[in-house]
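Participant: Listed below, chain by chain, are the residues.
Number of protein chains: 2
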Amino acid sequence: MNGNTCFSALKERILKDGKCLEGGILKVDGFINHQIDPDLLEQMSVEFIKRFAAVEYNKILTIEASGIAPAIMLGFLLHLPVVFAKKKKPSTMDNMLTTTVFSFTKNRSYDVCCSKDFLKPGDKVLFIDDFLANGNAAKGIIDLVQKAGAEIAGMGFLIEKSFQHGGDYLREQGIKVESLAIIDSLDNCAIKFRD
Amino acid sequence: MNGNTCFSALKERILKDGKCLEGGILKVDGFINHQIDPDLLEQMSVEFIKRFAAVEYNKILTIEASGIAPAIMLGFLLHLPVVFAKKKKPSTMDNMLTTTVFSFTKNRSYDVCCSKDFLKPGDKVLFIDDFLANGNAAKGIIDLVQKAGAEIAGMGFLIEKSFQHGGDYLREQGIKVESLAIIDSLDNCAIKFRD
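If you read the protein sequences in the order shown, they are chains A and B.
Read left to right, the first sequence gives residues 1 to 195 (the UniProt record's numbering).
Read left to right, the second sequence gives residues 1 to 195 (the UniProt record's numbering).
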């Protein structure tokens, strides 16, 4: 098992229930990011536990909203705290770390923030999210973690679109990246997995 | 156990780690809505299971983002699908139900939407959210569920601010509402629980 191997339960589910739309879009809202299948979520979290078994981390970090479910399940199985970075600055949040992320999908920038109370010097965080595409959200997280004086222990994604190259960038930085399903192409609305 | 009894594990945690700010604001971002303690989350979900033991439901419904964690944990323990209504219309969502919610906290309206694929006639949904205050989000959910031809089986909240009266409204509609901690007052930055 490594970052280049698809997790079969997820791959099968994508083939069964995923929908490929024009423009390289993969819809998985029946089981990942609108309706969630908690049993599949547990299986995927167990797979993350295996893939990051040799890594030391004390906290799970994600970004709202679609990352929360996989992060929570993993934190629950490991009895680790889960922190979700927020896409808007809450009026009640002080003591804050902020970074700016550009979304290609939405063609606009947004701020991502996290309280220093929950991301601290010495923390070794495992970042979890649903999708890895161009990697801009992940780059924002790296910036937040650096600003906090904490450390990225690894990054785990349910689905990586390798043709958008965010994974290349992250792996070049020496980050351990594990994606449970790697999709090399969605051309002509056909889902082509890495293996 | 009923809607008027505080769940002691949550009450104790609020007293230990919650922060009361000016203007009736209770900050619980150390364990509920920014950093999450998955073990407390499990205990709270088990408490929901007990309180809704006599109720029949086939789906957990919540709104992004802070409702996702408690909804996922409950869905996981019960092996039920979890649907989270979205606060913005995703560009890839069709076949959609929409309602408008006015947020007093943010002093603006926002749309909440859900695909008809995941909220269907005959569904009996248990709605879960972190906070119940004036109840506007809950009213929006009732509207969505009615538009879907589905049914509200019950509504569960981690924390209810009874002095903002959303709970009164929902209970008057005959809805079974269970809140794990009911706060009657935050006057003078003192947390006063129902019991």
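Hints were generated in silico from the structure; no laboratory data involved.
Do not rely on the hints blindly, as some may be mistaken.
It does not matter which identical chain is used: a pair holds within one copy or between any two.
Claimed, not checked - Okay, derived cross-link-like pairs now, BS3-like style, lysine-lysine, Cα gap no bigger than 25 Å in a straight line:
id: 1; residue 1: K120; residue 2: K27
id: 2; residue 1: K124; residue 2: K106
id: 3; residue 1: K106; residue 2: K16
id: 4; residue 1: K27; residue 2: K89
id: 5; residue 1: K87; residue 2: K120
id: 6; residue 1: K192; residue 2: K147
id: 7; residue 1: K116; residue 2: K147
id: 8; residue 1: K139; residue 2: K19
id: 9; residue 1: K176; residue 2: K16
id: 10; residue 1: K124; residue 2: K192
Participant: Which hint numbers doesn't this structure obey?
Facilitator: The structure conflicts with hints 2, 3, 6, 8, 9 and 10, although it agrees with all the remaining ones.
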